[in-house]
Amino acid sequence: MSTTDNTSTPVAGPDGAADEATDEATDEATAEQTADRAAEEAATALSTAPREDTTGPAAAGVLGMLRWTWHQLTSMRVALILLLLLSLGSIPGSLVPQSNVDELKVAQWKDTHETWVPLFEKLQLFDVYSSVWFSAIYILLFVSLIGCIVPRTWKFVGELRGRPVRTPKRLDRMPAYAVWRTEAEPEAVLAAARQVLKGSRFRHDLTGDSVTGEKGYLREAGNLIFHIALIVMLVAFAAGQLYKSEGGKLVVRGTGFSNTMTQYDDFRSGSLFKRDDLPPFSFTLDRFDATYERTGPQKGTPRTFAAQVTYSKGAFGTPQKASIEVNKPLDIDGSKVYLIGHGYAPIVSVTDPRGKVIFKEAVPVLPIDSNITSTGAIKVTDGYRDKSGKQEQLGFNAFFVPTFAGVGKGQMFSQFPALDFPVLALSAYHGSLGVDSGLPQNVYRLNKDKMQEFKDKDGQLFKQRLLPGESMTLPNGAGTVKFEGVERWASFQISQQPGNGLALAGAVAAVLGLAGSLFIQRRRVWVRARRGADGTTLVEMAGLGRSESARLPEELAGLAAALSTEAPIAPEPEPDAAEAGTEAPASPAHAEGERG
Amino acid sequence: MTPLAVAANENLAHISNVLVYSSMAVYTLAFFAHIAEWVFGSRSKVGRTAAALTGAAAAAAPAVQVRGKGGTTAVLDRPQVVTRAGAGSRDLPDGPGAAGGTEKGDLYGRIAVSLTALGFLVEAGGVVTRAMSVQRAPWGNMYEFSITFSTVAVGAYLVLLAAKKNVRWMGLILVTTVLLDLGVATTWLYTDSDQLVPALHSYWLWIHVSTAIICGAVFYIGAAGTLLYLFRDSYESKLEQGGQPGRFATSVLERLPSSASLDKFAYRINAAVFPLWTFTIIAGAIWAGDAWGRYWGWDPKEVWSFVTWVAYACYLHARATAGWKGRKAAYLALFAFACWIWNYYGVNILLNGKHSYAGV
Ligand code: HEM
Chain A
1 MSTTDNTSTP VAGPDGAADE ATDEATDEAT AEQTADRAAE EAATALSTAP
51 REDTTGPAAA GVLGMLRWTW HQLTSMRVAL ILLLLLSLGS IPGSLVPQSN
101 VDELKVAQWK DTHETWVPLF EKLQLFDVYS SVWFSAIYIL LFVSLIGCIV
151 PRTWKFVGEL RGRPVRTPKR LDRMPAYAVW RTEAEPEAVL AAARQVLKGS
201 RFRHDLTGDS VTGEKGYLRE AGNLIFHIAL IVMLVAFAAG QLYKSEGGKL
251 VVRGTGFSNT MTQYDDFRSG SLFKRDDLPP FSFTLDRFDA TYERTGPQKG
301 TPRTFAAQVT YSKGAFGTPQ KASIEVNKPL DIDGSKVYLI GHGYAPIVSV
351 TDPRGKVIFK EAVPVLPIDS NITSTGAIKV TDGYRDKSGK QEQLGFNAFF
401 VPTFAGVGKG QMFSQFPALD FPVLALSAYH GSLGVDSGLP QNVYRLNKDK
451 MQEFKDKDGQ LFKQRLLPGE SMTLPNGAGT VKFEGVERWA SFQISQQPGN
501 GLALAGAVAA VLGLAGSLFI QRRRVWVRAR RGADGTTLVE MAGLGRSESA
551 RLPEELAGLA AALSTEAPIA PEPEPDAAEA GTEAPASPAH AEGERG
Chain B
1 MTPLAVAANE NLAHISNVLV YSSMAVYTLA FFAHIAEWVF GSRSKVGRTA
51 AALTGAAAAA APAVQVRGKG GTTAVLDRPQ VVTRAGAGSR DLPDGPGAAG
101 GTEKGDLYGR IAVSLTALGF LVEAGGVVTR AMSVQRAPWG NMYEFSITFS
151 TVAVGAYLVL LAAKKNVRWM GLILVTTVLL DLGVATTWLY TDSDQLVPAL
201 HSYWLWIHVS TAIICGAVFY IGAAGTLLYL FRDSYESKLE QGGQPGRFAT
251 SVLERLPSSA SLDKFAYRIN AAVFPLWTFT IIAGAIWAGD AWGRYWGWDP
301 KEVWSFVTWV AYACYLHARA TAGWKGRKAA YLALFAFACW IWNYYGVNIL
351 LNGKHSYAGV
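Sequences listed follow chains A and B, in order. Here my numbering is used: the first residue of the first sequence is 1, the next is one more, and so on. Here my numbering is used: the first residue of the second sequence is 1, the next is one more, and so on.
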């Protein structure tokens, strides 16, 4: 295809078409290819996506090698592969139990799959999301992302400040094309074209015999915003992990909690968290309400949970009332208090051989099934002396059911989670609880190393089932134990995670940017007007969008219709004038037929 | 709840079940009507694709691009726009649709679409009465999720039809999968209507779950397009290389839209819901933050939502990357949809995490 400008030669058609007609048929194919390539190039120019670099590492030494590596890393192909790896790499974490999610499950899994454990541990499959290889994938991806965003942003800013690209030589090769003749002067047509483009809010520019218009910059902007938002979110997550603190606390009704480290049952924090970061506040659990499905196949399924608390901010704040529910945490000075679990605390009193009540407490027991069958331990550490006056400690293993099935119905398991028929079973020990040994101890479990069993008259471990209000007498006049009643407890998680606001802002920006990027088309429109051989003006319009545009032809038709009110279609020229144009006449319908 | 209300609710739940079963009956009729459409349509011998491809060599030098001189142009009062396929893709016409241009086929096709619309109304009624019977959003368990899912998928298809999009070709596939979905829902997933566990008591249920269902249904439609694109594309390339596809394949694929149209259709559908899917995940994270005290905890459901999301992002990237366009991108799209389906059935049933609730 000739690349010289044909405007000087008197042709009736657009320059490209004139070339074609005079070229050999074999050249036609190459001309078509060239034009196709031109269209494709023009289309890729509508995106700031990095070009594919298919050359190998250049010979230019270490620096060249580094540059090549960088180009590879920031190429679309590598970004794509890294993304694919990220999705595949996340999968094992859903199939193998994760120690940061459920330690217990990990332990169980290890027991049943012993042969696999060494390999899995080597591959960090129990900690996928903090493993070296997973981190490597996302860090590389984010390096690639930054390496991609920075040049794209510059390029985009340059495009915004520069002028729209010049008009391609052959508009008829563009995905959408229209052409007609008019009696209006070319200058007038171009001036009208500018008005039309301006009216449709295209950025437009006049060069020579043509006007270029471009629209939809928001697509590119949205895309950049989306990718930047991803980085913002990653930073927010990282900050959250480093500064977070999170702890659990079990609170029996009527008692309270104040936010200092020593009060927590368990506490975790990020590596940059400092003790002073805990905001001072306190709360008391006033009431806990739970309701359960009473009938039907889902009998026992919980329906509502609510913890009523009184809390005060700071050391001396005024008390306020609030309700904490499963989906409604309480926000106090940036710390969130979540309701995590609940259960029962049997109230037990112990009377020593001299008839003195030396212990009376609501002792929380932990649920082991969904009907709140619970287990726990009662530890009487101080104040007990046996019949001979010897100082000793008492311990009881406690088994509690809120709804007892009735005597003789197999093992004592709860039938329903509500307090319909509470029964407490205790087995009794005496000796040393080992709490003074300095070793941390589980409060829900009895350490029987230095404890002896109380024996019943058959020489078995002494145990008894109690209804509320009932007492049991320990063997040999060692005292009595009374099941006074039942209290409730609720457990809370108190967490602080700075960076949540930033993560949310990033997420919102990501969704908006994405919508802009996917719903807005970036497209160009060209209008060329020049005088033809017969003295009329030939108007050509063409449109180009990213390959997926469906509405582009419609939009072009609209613009063409608007322009043709200023540059009306001229009546059919003389037949020999058409002949002079070297072309066989072709109707648009015919052209459609060729396409299809 | 008073006993009276309980009775009323049981009544509604019963009506809901009757409606769901009735919709299955109607969809079954639609299924047979579609079959009839395809059978009658197969009697037309169009052979347009082959003609277009083999004729392409002869017409290699058409290239008469100047339109508007003489001929019909003079009588036009507005300029005509000529379109060309994008560079590098085959420039083929869309097939005539299942009816193959036959009158009888078309009649059955219309009957099938009408029945599908009726089935949709009945099924939607089933979903609404279910919601009324429990007085909450009807998305508390997998049964409810499934019936809503197929209702939305059919609804999306009908909306596309009403918007005059060329989608009738997917009628048969859609009705078949809807029947499968409802069959699985009523036989294996059925759960009596009931209240929610406290963790689901939240307005985020409305937001997060409804968008998740919409995304799944629309992704499904995109995946159907992608799958047919793969078949149609290999059919076209076989023809292009002078091969002779089997008679059945020819008869069916011939009537589908061109591979370029199917590909574009699938892309537009997937790209349109991707932002919504992103939003769904974010909404889920916010809800998890309120309900469980952490917004992201790599629970199996969360993992697979993330995998699905990244896989769709992969697909969108692939479309913009030389060397990955076309079939490779299509495989990624199918992988992404497979992840979505697995996240729904597999994760709910096989892997238990925090997202397991009453009655699966
Ligand atoms: C962190 C992971 C990433 C995710 C989740 C992601 C996601 C997306 C999504 C969803 C799109 C589609 C929007 C559209 O088609 O306009 C997109 C487009 C794009 N992404 Fe990414 N991306 C990631 C990383 C990258 C990286 C590392 C690069 C650079 C190498 C990159 C470059 C691009 C480009 C150039 C486009 C626009 C393509 C086009 O013009 O159609 N992305 N990205």
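Some hints could be false.
[Stated by the list, open to error] Footprint (simulated), chain B over chain A, 3 or more residues, beta carbon under 8 Å:
1. 72-80
2. 89-101
3. 336-347
4. 456-465
Hints were generated in silico from the structure; no laboratory data involved. All figures in this text were calculated on a predicted structure; none of them were measured in a lab. No residue lacks a Cβ here, since even glycine has one placed at the ideal position from N, Cα and C.
Can you tell me if the segment 72-80 of chain A counts as covered by chain B, using C-beta to C-beta distances under 8 Å and a minimum of three residues? Coverage by chain B holds for the segment 72-80 of chain A (4 residues, Cβ < 8 Å).
Check of the segment 336-347 of chain A against chain B for coverage (Cβ-Cβ below 8 Å, three residues minimum): holds (count 3)
With a Cβ-Cβ cutoff of 8 Å, does the segment 456-465 of chain A contain at least three residues near chain B? Result for this restraint: violated, n = 0.
For the segment 89-101 of chain A, does the count of residues with a C-beta closer than 8 Å to a C-beta of chain B reach 3? Holds, because 8 residues of the segment 89-101 of chain A bring their Cβ atoms closer than 8 Å to Cβ atoms of chain B.
Checked against the numbered hints above, the structure breaks only hint 4 and satisfies the rest.
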